[in-house]
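Visitor: Produce the complete structure using the sequences and hints provided.
Given next are the chains, with one letter for each unit.
Protein chains: 2
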Amino acid sequence: MRLIIAGFGAVGQSLVSLLKNRMNWLREKYGLPIKVVAVIDRGGAAIEKEGLNPEKLIKTKKIKGTVASYPEKGVKEVLCQEVIEETEAEVVVEVTSANDLSTGEPGFSNITTALKTGKNVVTTNKVPLVLALPALMDLAEHNSVLLRFSGTVGGGTPILNFGKECLQGEKIISIKGVLNGTTNFILTEMEKGESFHNALLKAKKLGYCEENPSLDIDGLDTAFKLVILANWVMDKEVTLKNVKIKGIRGIEKEELTENLKKGYTIKLIGSIEEKIEVKPSKISLNNPLNVKGVLNAVMFKSEISGNKTIIGPGSGGLATANSVIRDLISIKRELMMRMVR
Amino acid sequence: MRLIIAGFGAVGQSLVSLLKNRMNWLREKYGLPIKVVAVIDRGGAAIEKEGLNPEKLIKTKKIKGTVASYPEKGVKEVLCQEVIEETEAEVVVEVTSANDLSTGEPGFSNITTALKTGKNVVTTNKVPLVLALPALMDLAEHNSVLLRFSGTVGGGTPILNFGKECLQGEKIISIKGVLNGTTNFILTEMEKGESFHNALLKAKKLGYCEENPSLDIDGLDTAFKLVILANWVMDKEVTLKNVKIKGIRGIEKEELTENLKKGYTIKLIGSIEEKIEVKPSKISLNNPLNVKGVLNAVMFKSEISGNKTIIGPGSGGLATANSVIRDLISIKRELMMRMVR
Numbered sequence: 001m002r003l004i005i006a007g008f009g010a011v012g013q014s015l016v017s018l019l020k021n022r023m024n025w026l027r028e029k030y031g032l033p034i035k036v037v038a039v040i041d042r043g044g045a046a047i048e049k050e051g052l053n054p055e056k057l058i059k060t061k062k063i064k065g066t067v068a069s070y071p072e073k074g075v076k077e078v079l080c081q082e083v084i085e086e087t088e089a090e091v092v093v094e095v096t097s098a099n100d101l102s103t104g105e106p107g108f109s110n111i112t113t114a115l116k117t118g119k120n121v122v123t124t125n126k127v128p129l130v131l132a133l134p135a136l137m138d139l140a141e142h143n144s145v146l147l148r149f150s151g152t153v154g155g156g157t158p159i160l161n162f163g164k165e166c167l168q169g170e171k172i173i174s175i176k177g178v179l180n181g182t183t184n185f186i187l188t189e190m191e192k193g194e195s196f197h198n199a200l201l202k203a204k205k206l207g208y209c210e211e212n213p214s215l216d217i218d219g220l221d222t223a224f225k226l227v228i229l230a231n232w233v234m235d236k237e238v239t240l241k242n243v244k245i246k247g248i249r250g251i252e253k254e255e256l257t258e259n260l261k262k263g264y265t266i267k268l269i270g271s272i273e274e275k276i277e278v279k280p281s282k283i284s285l286n287n288p289l290n291v292k293g294v295l296n297a298v299m300f301k302s303e304i305s306g307n308k309t310i311i312g313p314g315s316g317g318l319a320t321a322n323s324v325i326r327d328l329i330s331i332k333r334e335l336m337m338r339m340v341r
Numbered sequence: 342m343r344l345i346i347a348g349f350g351a352v353g354q355s356l357v358s359l360l361k362n363r364m365n366w367l368r369e370k371y372g373l374p375i376k377v378v379a380v381i382d383r384g385g386a387a388i389e390k391e392g393l394n395p396e397k398l399i400k401t402k403k404i405k406g407t408v409a410s411y412p413e414k415g416v417k418e419v420l421c422q423e424v425i426e427e428t429e430a431e432v433v434v435e436v437t438s439a440n441d442l443s444t445g446e447p448g449f450s451n452i453t454t455a456l457k458t459g460k461n462v463v464t465t466n467k468v469p470l471v472l473a474l475p476a477l478m479d480l481a482e483h484n485s486v487l488l489r490f491s492g493t494v495g496g497g498t499p500i501l502n503f504g505k506e507c508l509q510g511e512k513i514i515s516i517k518g519v520l521n522g523t524t525n526f527i528l529t530e531m532e533k534g535e536s537f538h539n540a541l542l543k544a545k546k547l548g549y550c551e552e553n554p555s556l557d558i559d560g561l562d563t564a565f566k567l568v569i570l571a572n573w574v575m576d577k578e579v580t581l582k583n584v585k586i587k588g589i590r591g592i593e594k595e596e597l598t599e600n601l602k603k604g605y606t607i608k609l610i611g612s613i614e615e616k617i618e619v620k621p622s623k624i625s626l627n628n629p630l631n632v633k634g635v636l637n638a639v640m641f642k643s644e645i646s647g648n649k650t651i652i653g654p655g656s657g658g659l660a661t662a663n664s665v666i667r668d669l670i671s672i673k674r675e676l677m678m679r680m681v682r
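As given, the protein sequences belong to chains U and H, one line each in that order. Under our numbering, the residue at position 49 of the first sequence is numbered 49, and the numbers go up by one with no gaps. Under our numbering, the residue at position 81 of the second sequence is numbered 422, and the numbers go up by one with no gaps.
Lysine-lysine pairs mimicking DSSO-like chemistry, simulated, CA-CA at most 30 Å apart:
no., chain 1, residue 1, chain 2, residue 2
1, H, K417, H, K400
2, H, K370, U, K332
3, U, K332, H, K642
4, H, K602, U, K261
Bear in mind the hints are in silico, worked out from the structure with no lab data behind them. As the structure is a computational prediction, the values presented were derived from the model and not from experiment.
Guide: As structure tokens, this is what we get:
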């Protein structure tokens, strides 16, 4: 399986590190021989159809700042989409960062270029998906290729896989969850008596959120994940504009500490029922969604077997990179299935 | 897909009811047309290669007490294993109850007969599995058929599927869990101040345990589930004799109420690490394994992405029957995969 990696930040580099150690294991256990034939970053690309060397890729990036300086195979001044279009490969791993919130670029064009040129796509980028997931899934189907993104919800915790694969054979009625680690960390601290302001500072200090924390605390990141869950697990064709969003700004610590005495807590809950909605919600302390710190928790309600909750860490570069490997295994399986359909 | 159903108690009947309502849905969504060609109970069997009528099966059982009275197609005085051997079918659904703890019969012979005659097996019976799972898996492989049992751990909650399918691509280091709803209900009541004796009576009254509750409270049922998890998810070739077992007898309510004040609780935890062990264990109230009542919770620790916990109801006839359908879908997929390998 030949990969083009678009974007070489934390996730891309973690992926290449993981692959370096796991090449043999993946080939032996999953029949999945992997070759990285191109890596693209802001400075250019490294391209080699026989496969690039993982160690050299990481070393070049570290020392020179761009894979364009990869010995002999580095190319400067090249367009990402040209490389995707012209390099022969089975899968494009789209892991660029800082995608524009209104256009989803550069991820959006990378993904569409890959799909249109008959390449399967694995991405960990939420933004292009939430703007146009139904259209992207159609585009993939039209081109008989696959689009996978299990790292976009729950990072290392396979929430999308659980909903899609483990709950086969019955209908899922609703999904509710704590889907943003940063806001959950802040609410957990406030429950202990910290003010919103101080809890936010602490989250920043610990690296749990960006300098501009709006995506997290205003509920947008949770909404992103709901859109992806709704499309993938519940076959709802929705985008970000279908979600009603309210974040955690304005919640006072007293609200949390008072509720706590009565056996309740407040969580930023994203829910998919009749409507799709993000809002701070009061839940019982015994509710499995009452998780602490940066954990994520998602409850699936299904027709016959009731509520099932999955809890785990929501992010981390290495865990997200690992989700790419999970998706590559899934793509291989699905491609094999298609051969007999 | 032609099914032979061996055993027609709560799970068998729930399965036939489910199938009655879902025949079309399963065919359309999963390409899985299902036909029940034989049902066997203690009184005999009903056999019809064109497919038995679900409604008639349930009605006959209800009114006459045995499927042997099924109009025209009922047979008295027939051996279960003969029916399994001689009826053409793709899958034997083994759901007999009250299997002997030392021999695993009648489930054990039903399963081996099915595997030996080239039939895939789905079972919800723990006992035959925990006595000989490594041998049964070998037997299935030798005969190029599949053995599935996702309802044996967690009932409606797909714990085995999660561990096997959703955590692909990384190594699982340990599994810990609250795997028995009855003991967890008792401990939850004791935490509220009930004595062990009263909590047990309440569990019996609510139908959460048998008249003889030893399997639950002495830890055996938890041990059963560990054996199955260890074989299926962690590729350990173990049976019941490899598990060290201590149940919840002898725990005093004071132990629970005192710990509670300090932020701890006691759960009957089954764990698979270096050793496989069942014992009452002190855990923090914030631990995701701290679930209440009859819920089950299992925590998987994996190499890269940390701890992931799945929480859900542990049993129920309909939920367990639904797990059989999940396994049938899984068998269909796996058989298709084999065609291209």
